[in-house]
Amino acid sequence: MRHGKLAPLALLLALVLVAAACGDDDAGTTTTTAGSTTTAASTTTAAPTTTAPPEEGGVLVAGSPTEPTSLDPILESVLTSWLVMAQMYDTLIQFSPELAYEPGLAESWVVADDGMSVTFKLRPGALFHSGKELTSADVLYSFDRLRSEDSIQGGLYSGIADITAPDDETVVFTLARPEPEALFSILAVNPSVIMDSSVVDASGDLTRVDGGSGYFVLDEWRAGTSISLVRFEDHWSGGAPLDGIEFRFVPDELSAVAALKAGEIDWFNFTDPSAAVQIQGDPTLVYTESSALPYTYIAFNTTKEPYSNPAFRQGVSYGLDRVEILGLALENRGQITGPIAPGLPGSLPLSEFPSYTYDPDEARRLIGEAGATELTLELSVSSAQAAAMAAAPVVVDQLARIGINATIVPLESGVWFENLSGLNYDLIFGQSGGYPNSDIPFTNSHGCGGAWNYSGICSPDFDELVNRAKSAVGAERVALYEEASRMLVNEMMPYAYLFTMNSLWGWSVNVQGFVPLPLKEIRFDATYLATP
Amino acid sequence: MLRYLVGRVLGGIGTLLGLSAIVFIFLLLIPGSVVANILGPEGSSSPEAVARLEKEFGLDRPVAVQYLDWLAGAARGDLGDSWRTRLPVSQTILERLPLTAELTVLASLIAVVVGVPLGAIGASRHGRLADHATRVAVLIGSAIPVFLTASLVLIVGSTQFRWVPPTGFVSLWDDPIQNLETVITPAILLGVISAASVARMTRGAMLDVLGRDYVRTAKAKGLRPRRIIGRHVFRNASIPVLTVLGVETGRMLGGAVMTETIFSLPGLGRLVVDSIGKRDFPMVQGAVLVIAAMFIAVNLMTDILYGLADPRVRVGRGRSN
Amino acid sequence: MAWRASTMERASSAAGKRIKPLAFVRRHVVLSVALVVFGVIVLAAVLAPWIAPHDPLELNADATFQGPSSTHPLGTDRYGRDLFSRLIFGARVSLGVAGSAVAIAALAGGLIGLVAGFYGRWVEAVSMRLADMVLAFPALLLAITLAAGLGPSARNATLAIAVLYTPVFARIVRASVLVEMRKDYIDALRVSGASPLRMMFRHLMPNIGTPMLIQATLATAAGIELEAGLSFLGLGTQPPAASWGSILGEGRVLLTRAPWMTIGAGVVISVTVLALFLVGDALRDAADPTSS
Chain A
1206 MRHGKLAPLA LLLALVLVAA ACGDDDAGTT TTTAGSTTTA ASTTTAAPTT TAPPEEGGVL
1266 VAGSPTEPTS LDPILESVLT SWLVMAQMYD TLIQFSPELA YEPGLAESWV VADDGMSVTF
1326 KLRPGALFHS GKELTSADVL YSFDRLRSED SIQGGLYSGI ADITAPDDET VVFTLARPEP
1386 EALFSILAVN PSVIMDSSVV DASGDLTRVD GGSGYFVLDE WRAGTSISLV RFEDHWSGGA
1446 PLDGIEFRFV PDELSAVAAL KAGEIDWFNF TDPSAAVQIQ GDPTLVYTES SALPYTYIAF
1506 NTTKEPYSNP AFRQGVSYGL DRVEILGLAL ENRGQITGPI APGLPGSLPL SEFPSYTYDP
1566 DEARRLIGEA GATELTLELS VSSAQAAAMA AAPVVVDQLA RIGINATIVP LESGVWFENL
1626 SGLNYDLIFG QSGGYPNSDI PFTNSHGCGG AWNYSGICSP DFDELVNRAK SAVGAERVAL
1686 YEEASRMLVN EMMPYAYLFT MNSLWGWSVN VQGFVPLPLK EIRFDATYLA TP
Chain B
14 MLRYLVGRVL GGIGTLLGLS AIVFIFLLLI PGSVVANILG PEGSSSPEAV ARLEKEFGLD
74 RPVAVQYLDW LAGAARGDLG DSWRTRLPVS QTILERLPLT AELTVLASLI AVVVGVPLGA
134 IGASRHGRLA DHATRVAVLI GSAIPVFLTA SLVLIVGSTQ FRWVPPTGFV SLWDDPIQNL
194 ETVITPAILL GVISAASVAR MTRGAMLDVL GRDYVRTAKA KGLRPRRIIG RHVFRNASIP
254 VLTVLGVETG RMLGGAVMTE TIFSLPGLGR LVVDSIGKRD FPMVQGAVLV IAAMFIAVNL
314 MTDILYGLAD PRVRVGRGRS N
Chain C
24 MAWRASTMER ASSAAGKRIK PLAFVRRHVV LSVALVVFGV IVLAAVLAPW IAPHDPLELN
84 ADATFQGPSS THPLGTDRYG RDLFSRLIFG ARVSLGVAGS AVAIAALAGG LIGLVAGFYG
144 RWVEAVSMRL ADMVLAFPAL LLAITLAAGL GPSARNATLA IAVLYTPVFA RIVRASVLVE
204 MRKDYIDALR VSGASPLRMM FRHLMPNIGT PMLIQATLAT AAGIELEAGL SFLGLGTQPP
264 AASWGSILGE GRVLLTRAPW MTIGAGVVIS VTVLALFLVG DALRDAADPT SS
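Protein chains in written order, with the working numbering: chain A, 1206 to 1737; chain B, 14 to 334; chain C, 24 to 315.
Isolated chain A, as found in the complex (with noise of 0.2 Å):
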């Protein structure tokens, strides 16, 4: 295999290698020019919902790391799907900043005394893409979609036991036990969205079409291109501010940095620190980070010796210098949390887990007790999240100090989510929803034959105290919840619970109005650009 080139281009190679070394000293501070910001915490002022859109419009050109399999609510899960579709669609209610509950199609609503049921009533008037009236019926409808047999969204919603509509602009949603938080909870997220019949009537399905009432209707698809959204003008708000958004993919972390400083992009949702800073001392963008709820976690084989042991586990937590981890991986962009992460109700302050204090000798002391001294497992990660990815190493070399001898195994997306639901790995790295309520997760994550419950735990004491929390309120419910927290990380330890990811972001300066939300969901509805 050979290859040349001219003696000019070998020169130019080197002024280049030169020029970069010598360039950007500008970055430096994290504070920069043009008003980019470090935010300790999503502080930025709620968006307005339903006042009249300013002036300024615009198309909004948003990168998009992958593109969509398709645009249809209960075939898909993934986050850049859903980049697109929490624009076209909308939900009964939705979370403010602050994640409250902020009314969204739903205007107001009704917690029954005993909890078993929720009355919602509609927002009247509201209309589809299509021009069809929203209304109750649709309601049912999309929940029954939902859970239909087609759909892979059947999980969330197993603690609905029936939806009625006594008229059409009421719905009362019944529950299984009485949990009205956990409904909140997962109405205010993706994918409980409403949804059009006579679309899907028309289409046989959404994979292509939009049957959304949401702030933005779908234009056009290049495949392999782009997405492009105009503004619905109909919309029950007024309308967003923007005319429209185009979703450009940008597979690349780096080549969305490029995009950005040449202008071919206004928007991206960075994962990688490194490539994310590069933005920093560019005058005509923004770099932003907002602290996030999803956080990273190291997941044990609790069916697999000695992973099943629990002293090994907390011997492994004892070894874990989450403070490196963080400082290395993610240069400290995010926080070391315990199962809630911290701001949320339940979340504890660190001194409350033992073995969160780096204590390499405690820690061989019950590896050994385990009797695993001198072990050699295998880490798995999956390449496409970049955290796991940095910590990974520093993970191994604090392995190795306490006499474990880790491999990284790197693994496709796919084959990642395979061995992680199979329970087939030694330790695998995870990364949790981000789900600002904690019914979910607890029941589905570590509960019993939780269907998301990777680790194969399983502890009846803990389940019982759960269950308690989901029907409690208040302060109660809080202590509760810290008290399960505590036996999660002090006794049962099925994940290795490490850090939040700060959310990245950069943008041109010309965007004005984003709002970054805490949790995995993105919305432009109070975006605009300001015409310079």
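Watch out, some of these pointers could steer you wrong.
Per the computed footprint, the stretches of chain C lying under chain B, defined by three or more beta-carbons under 8 Å from a beta-carbon of chain B, are [claimed, not checked]:
id: 1; stretch: 94 to 104
id: 2; stretch: 147 to 158
id: 3; stretch: 167 to 175
id: 4; stretch: 245 to 252
id: 5; stretch: 297 to 308
Using 35 Å as the maximum straight-line C-alpha spacing, the simulated DSBU-like pairs for lysine-lysine come out as follows [as the list claims (entries may be wrong)]:
id: 6; chain 1: A; residue 1: Lys1509; chain 2: A; residue 2: Lys1326
id: 7; chain 1: A; residue 1: Lys1725; chain 2: A; residue 2: Lys1337
id: 8; chain 1: A; residue 1: Lys1326; chain 2: A; residue 2: Lys1725
id: 9; chain 1: B; residue 1: Lys232; chain 2: A; residue 2: Lys1725
id: 10; chain 1: B; residue 1: Lys232; chain 2: A; residue 2: Lys1509
id: 11; chain 1: A; residue 1: Lys1337; chain 2: A; residue 2: Lys1326
Honestly, the hints are just simulated from the structure, not real lab data. The C-beta atom is built at its ideal place from N, Cα and C for all residues, glycine as well.
Fit chains B and C to the known structure of chain A by using the hints.
Same frame as chain A, now just chains B and C:
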């Protein structure tokens, strides 16, 4: 000649068949499933959803049936539907083919435009400074990997010059300027790399021819050097140059995947890689088939040109590497 | 000096065809330099544990993104690991992957070519057909496809590169065998009743060594680049192990913060590939001066 041609074409088809079978078997053996890929972490927990998708993709049928079914469709021109986008494979391939083809053609042109003069200079100034200089230049870059230069060009271009090639593909007929802007940088990077082989072959072939008797005769007859070079040397030296160009075009088809990845261009090379990652079997099979067919076609054309240019060769020749 | 050299020449030409180092170097400057360079790199790879100043896997949170210094000749990466040490150990991986891949390909391809050329008929037809199928696909793309499918690892990268070059060796060996087979001594051997195995291994093999060596050299150069390319894309050597390609890949995102990663890895890859290429080229010229 015709018999030779027909023989080669049949051979090519046979090769494609075998290749598709090998690819099919390979895809079966590798770990990972498209279903898990599509459904993602939370979706795959539903066995009904998994079973439904498996049925839709025909994964519940015996392996031989799946392959023959695909083969029958391919013979009709129907390469099936992508498991990821649900769109017809042939449609996606046709959308992506122009970019890769244009990239390869442009790179080949650049390889010739750069390589031939360099080789000619080396040959005509054989042994002197210009010869050594061009050889060294050609060699220095010969070892620098394309992904290195591509990354550097992209990063420095966007950082220092605030320029980046457009990431979408616009057809040449729709908007020639944007089209060229997209394609020219990767084409230059690829073409210049192949220019080395072209230069070497040109130089060698010209030196070879320049030493031949009929050239000395022409010189003795008093023909002007330009006439000699143009009339005799070039035509006879072009044969091996064409050969190497054919080989390099094949390499460029492969090298395109690197540049397509780094410049984020929606080409055929990247399609194969992405589809493999997502375990989208119909797409992989279809794309591999098309790329191999292109490769074989290029080699075939090279051989034909070779046969046309050199009458000595027209009588039966096997392909040797 | 000159008279001594010419005396030596005359003396040794009388004694036989032994290689005289000094004259050899003077006549083949480029080749000698290339051999020395490659030799140095191989030596560095072999002696890595002794000459590397640091453990290539040693993390150091206080020393991240440092530029070249006395403790770290080429600086450090995002984890504070010493780049120079990583490059030296990376040589082991890169050379190891390329070397073993070529060895496997030469062995497998050589055997196939030997058998195909010797026995002919359907054995030859089938194996050459299979070789055609593999060769019908652009090399880099095939390597990427194989590595992406099998799963990213240095071992699978080795396998992929080996698969790529087996048919090349098979064809070359077969062609050489065919040439040899026409020679008289083969007929003589056949008449004298020598067994096929003996003929293949005792007589044919030594004579096809030269083309194989040339191809091996060039294939190793290509193998190093392929390994670099695969690791660059994340399909070859996996973290935290270092290979030249993976360092290049890591360095790409960090180009503005740690350009020495790209420079260091880029230079080593280029120099090594160039050296090998020159050696292979020179060997080819020596074997057949009429080619290019």
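How the hints compare with the structure:
{"no.": "1", "hint": "94 to 104", "in the structure": "violated (count 0)"}
{"no.": "2", "hint": "147 to 158", "in the structure": "holds (count 5)"}
{"no.": "3", "hint": "167 to 175", "in the structure": "holds (count 7)"}
{"no.": "4", "hint": "245 to 252", "in the structure": "holds (count 3)"}
{"no.": "5", "hint": "297 to 308", "in the structure": "holds (count 3)"}
{"no.": "6", "hint": "Lys1509(A) - Lys1326(A)", "in the structure": "violated (50 Å)"}
{"no.": "7", "hint": "Lys1725(A) - Lys1337(A)", "in the structure": "holds (30 Å)"}
{"no.": "8", "hint": "Lys1326(A) - Lys1725(A)", "in the structure": "holds (27 Å)"}
{"no.": "9", "hint": "Lys232(B) - Lys1725(A)", "in the structure": "violated (78 Å)"}
{"no.": "10", "hint": "Lys232(B) - Lys1509(A)", "in the structure": "violated (85 Å)"}
{"no.": "11", "hint": "Lys1337(A) - Lys1326(A)", "in the structure": "holds (19 Å)"}
Hint compliance for this structure: hints 1, 6, 9 and 10 are broken, all remaining hints hold.
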